[in-house]
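Given next are the chains, with one letter for each unit.
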Amino acid sequence: MKEWVHADAVPVPLHTNGGQRDLTEEILEAVDQHEHVPTAEVFPATPQDKIKAALDRLASRQMVEYETHDKEQVLLTAEGQAIADEGSHEYKVWDAVRKAGRLSLKDQSLANASAKLGQGNAFKLKWIKKDGDALVSLTDSVSDTTREQLQYAQEHRAFQDPKLLKDYSKRKLVTTQKVITYVARKGPRWAKEMPVEVTDLTAEMIADGSWKTANFKPYNFKAKGTLGGEGVGGGTGALHPLNKVREEFRKIFFNMGFEEMPTARFVDSGFWNFDALYVPQQHPARDLQDTFYVSDPPEAGPPGSDESVDTILAEMDVDDDQDESDHPPSDPAIRAKDTTAKLDYQAYYDNVRAVHQDGKFGSIGYRYPYTDAETRRLVLRTHTTAISAYVLHRLSANPRPCRYFSIDRVFRNETVDATHLAEFHQIEGVIADYNLTLGGLQAFLKRFFRNIGVPDLKFKPAYNPYTEPSMEVFAWHEGLNKIVEIGNSGMFRPEMLLAMGLPEDLRVYGFGLSLERPTMIKYGISNIRELLGHKVDLGFIESNPAVRLDRE
Amino acid sequence: MPTIGVNKADFYKALGREYTKQEFEELCFDFGIELDEDTSESKRPIIDGVEEAPQLKIEIPANRYDMLCFEGIAMNLNIFLGREAMPNFTLKPPSDGQLQTVTVSKDTERIRPYFSCAILRNIKFTKARYESFIALQDKLHHNLARQRTLVAIGTHDLDTIEGPFTYEALPPEEIQFAPLNQTKAMNGKQMMDFYEKDKHLSRYLPIIRDSPVYPIIYDKHRTVLSMPPIINGNHSKITLATRNVLIDITATDKTKLELTNHILVSMFSRYCAEPFTIEPVQIISDHNGQTRQTPDLTPRPTQASTTYINSICGLSESRESLCTSLARMCYHAHPSLTDSDILEVDIPITRADVLHQADIMEDAAVAYGFNSLPRHLPRTTAFTAAALPLNKLADIIRLESAMAGWAEVMPLILCSHDENYAWLNQPVPFSTNQKPVRLQNPKTAEYQIVRTSLLPGLLKTIRENKRHAVPMKIFEVGDVVFQDKGRERRSRNERHFGACWYGRGSGFEQVHGLMDRVMGMLRVGFISREEGLGEEEEEEEGAKGLKGGKGGKGEGKAGKEGLGYWIEEVDDPTYLPAHAAAIYLRLPSSSSSSSSSQPPPPPQRIGTFGILHPTVLKRFELPFPTSVLEMNVEVFL
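Same order as they appear, the protein sequences are chains A and L. Per this note's numbering, residue 1 is the first one in the first sequence, and the count goes up by one each step. Per this note's numbering, residue 1 is the first one in the second sequence, and the count goes up by one each step.
FYI, nobody ran anything at the bench for these hints, they're computed from the structure. Check before you lean on any hint, since a few could be wrong.
Stated by the list, open to error - The calculated label-pair distances, taken between Cβ atoms and stated as ranges, are:
id, chain 1, residue 1, chain 2, residue 2, range
1, L, Q440, A, T236, 37 to 47 Å
2, A, V416, L, Q440, 46 to 56 Å
3, A, A397, L, A85, 30 to 40 Å
4, L, Q604, A, N220, 20 to 30 Å
5, L, Q22, A, N220, 52 to 62 Å
6, L, Q440, A, Q346, 27 to 37 Å
7, A, N527, L, E25, 45 to 55 Å
8, L, A85, A, I483, 31 to 41 Å
9, L, R300, A, I483, 33 to 43 Å
10, L, Q604, A, A214, 53 to 63 Å
11, A, N527, L, S211, 43 to 53 Å
12, L, A445, A, F540, 26 to 36 Å
13, L, K618, A, Q346, 26 to 36 Å
Where a beta carbon is used, it is the ideal one built from N, C-alpha and C, also for glycine.
The task is simple: from the sequences and hints, build the whole structure.
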């Protein structure tokens, strides 16, 4: 491997090294005197990484350029070193035999493993021979080639004959090591002195014109920039990923003409959360296993108007203000009162009771004894549809086509695991219009989901107490390689809408999905606790990219 | 949603062909059920040394009690596929015309008033059928019967008992029999003790335990059939060899009583020597007007409008074609002879889920194919979008906080009582309208109340992120809930803004700075306490205004009127003494006319910020100093 390095290495700040002679200066000196400077030979005592750093400092300024060589070096093992120092095993055996004249085979010096090896080699080399039960020398002088070759290797970090490396490696007398060495020479901007450099452009330089002659320190274009603040994220703020996805959904709703419902109401009554939605009082969803009931306060009041909600809706609902002249819109609180005055909550309650217990509005009803106490039980809302019911009932004061949505927290008494939390967010949309069709709901949902980058939908008949027909919405999931449920939808039941006093031909679509599920699918999060709640990793919040559902 | 396991090989045999997994999934999808699992793909449990045969686990809609067993799912799919017609269930009294009778005593009104009964004659059980029969009763008990509270079923070998039968309610001590699979007779009280530890039955005991009388069914010889809703007698136990089955059903709900009877006989009369015949039983219950023969198999006649169905489905099908579609969904329907729009529809006893013509309309759409319906969204009106003012306000604060370098978090809204009070050194509030909403049935102590403060969630988030580099700066804009006796739901949400700084220094100035920044962005001017309270003296006014202008105080008109805030030191046990401030807000006069002499509304304390007390830090396991801020933002609406 060999490459020419120019000004693309990490810039190293210049410092004078406390008056000591600097390595860069030594290199400059050497390059000035020799055309090629092999650093390993010129600076044998300096570690290679220091040399590299100094060379880069010079190369980034194009004062010097250098070649990189990497080659294999031979290193002696401990055993190889012993041979280089004291002689090979066979030499040591021969030497012992020669000194003794006759050496008994049972002599202690022949007992160890290396002596046995040396004995065999000395036989092969015809240095010694057996004479009875002793060894005798065959020659007065020998040439210890092994030792000589190892000594050569020690000195030159290589064998004279490269073919020997394999043999000596096998005998575990040497190992090899890769080393990188450099050969430096003058670069295109050769100078013997390090120039004075400025790190950045300053106001003073602009003012006094010194920028024209200034020698700028090269900028490292390979490193990342900095935000300059404290902390890991460079002191930047961040919005929560779930809220970023929520914002995308809100924009989609706004683009499609939806009004946001006032959902700041976590506690609701059995009436609004269930009865109004035609969920029978013995429905499993109303079990203690599924719904959080409230023990204190003990019970709700009778269903009636919620002034705060009515006023907000009147304020938002431009259609409520019939005055088309230039007068400023009338006070929403007054309009809210007008609306409420048209609504008979007692009649509504009686209708709900009748349609559950005895049947009404063309329905035979569930035919069970309806209990008032059950309607008064307070719950943590299990869905935002409790608010939709309130808003739809209010619509009966002035029935007209409209579109409402909400994205807010709901509560289920779930056993917590990777995909279930006792809290999550429900995205819900409601569309009221005349003569709506089921295919129209499909067409709408296709448009809605196309906005979040889900192109093809399939619809499965399903059951939901408050919608008929009910459709589960399925879409193809690339990762799972099958269709998965992504939402629920339907047309609200006549039992629910007619009890509110809405006209028969005003039909209402409802659809919903959780905010967490599409977010988890989008970001490949498998544990909901990593997304919602206090166990979320702050690093994840800080580094989560912008949400662009339609582009991803 | 109930999931029903059916033997895969038997099921495909019942459907008359083999299906690939994908084909079967598509069939289920079109019909509105779901293949949850095909166990031939996985390891199955070993039962009696043999691996269980491959099953299809099918999820069915919660209101389709007619699909809670093999027989029902197969029947519905076969009818949907046009392979079978809906069976015609008929009553077949005994040849001598003498019906079995059950006399209901008035005392049963005290505990479980309603009774229904049916007999399946010459039924032929196999192991699979028998197991399905038992499993169906379990599913009905679990779903429709709400754990036997509403309805309970008992099944008996009729050849071991002899009518007439009586359904009575007696003091538990007077009831004596050997319960199912037991040889020893015991009385009602003893039985309660005996089953106290039973994993399966113990949960039903409370339904009758404390009642002075227990429901009990006897035959002519005072042999006990069952003590509903707990257990049957051992004497009349059904076996694979049983040929004649008497079904007793007791209930507190009349509608579900007959529904249960309908489901049982419609699913299993197919195995009678004469399929789909049921022997009726005479119930004598004069005291509550319930004397009658059960079951009544008459389909419920109703009408559906062709215009209605076509209009919602977006179709223009003829009446005849709709009738054909409805036949595939178990209905018998024909065009009305007197009204050109009306279909006369007979709803079979199996379809208790049908309440309104909307249900018939949906079935017509299912038969037509949901995914084949014309997809056309009519545009009638232009709609005007609008964002909720409260969310718009919250978004301003959220964005400003994030731009100021703070990270948004979303902790949970439910928390423990201690986290919300004791851990913050806060007393439990005395005033009703400050009390928290308490949960009745949480599964863990983590969820005891709805939070009244954002602080526990913020501090827990820091606690869980201690490995993160400091300082950590987090915030939340979210709802807390207080009791509120003036409202229908006896509670109110309140939107709060909370922030928390955690690092090596206290961060007091940082949360103060964030608060100032948010106030500034909401055009709330910084005023002095005296200005806020309207206490300043006439002559000082000019000087104040000047000073305010210099120091950036009293921006614009805020000095004298308009929204303004000031802070002052406060004693709050959550915070380190002398290091907490209350945030006060001066609201502008509500009247728009300047000449009005109406006094301005009194200033409000909207929040607090400061350095947390070290004892609070200890409880939340935070080793570094922490400063927090919390304020109500609804005043800015």
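Do the hints match the structure? See the list:
1. L:Q440 with A:T236: 37 to 47 Å: About 43 Å separates the Cβ atoms of Q440 (chain L) and T236 (chain A), which means 37 to 47 Å holds.
2. A:V416 with L:Q440: 46 to 56 Å: Check failed, 18 Å falls outside 46 to 56 Å.
3. A:A397 with L:A85: 30 to 40 Å: 49 Å, violated
4. L:Q604 with A:N220: 20 to 30 Å: 55 Å, violated
5. L:Q22 with A:N220: 52 to 62 Å: Given a distance of about 56 Å, which is inside 52 to 62 Å, the answer is holds.
6. L:Q440 with A:Q346: 27 to 37 Å: Since Q440 (chain L) and Q346 (chain A) have Cβ atoms about 28 Å apart, the given range 27 to 37 Å holds.
7. A:N527 with L:E25: 45 to 55 Å: 28 Å, violated
8. L:A85 with A:I483: 31 to 41 Å: At roughly 32 Å between Cβ atoms, I483 (chain A) and A85 (chain L) fall inside 31 to 41 Å, so the hint holds.
9. L:R300 with A:I483: 33 to 43 Å: Given range 33 to 43 Å: holds, Cβ gap about 36 Å.
10. L:Q604 with A:A214: 53 to 63 Å: At roughly 59 Å between Cβ atoms, A214 (chain A) and Q604 (chain L) fall inside 53 to 63 Å, so the hint holds.
11. A:N527 with L:S211: 43 to 53 Å: 47 Å, holds
12. L:A445 with A:F540: 26 to 36 Å: Holds, since A445 (chain L) and F540 (chain A) (Cβ atoms, about 27 Å apart) stay within the stated range.
13. L:K618 with A:Q346: 26 to 36 Å: At 55 Å between Cβs, range violated.
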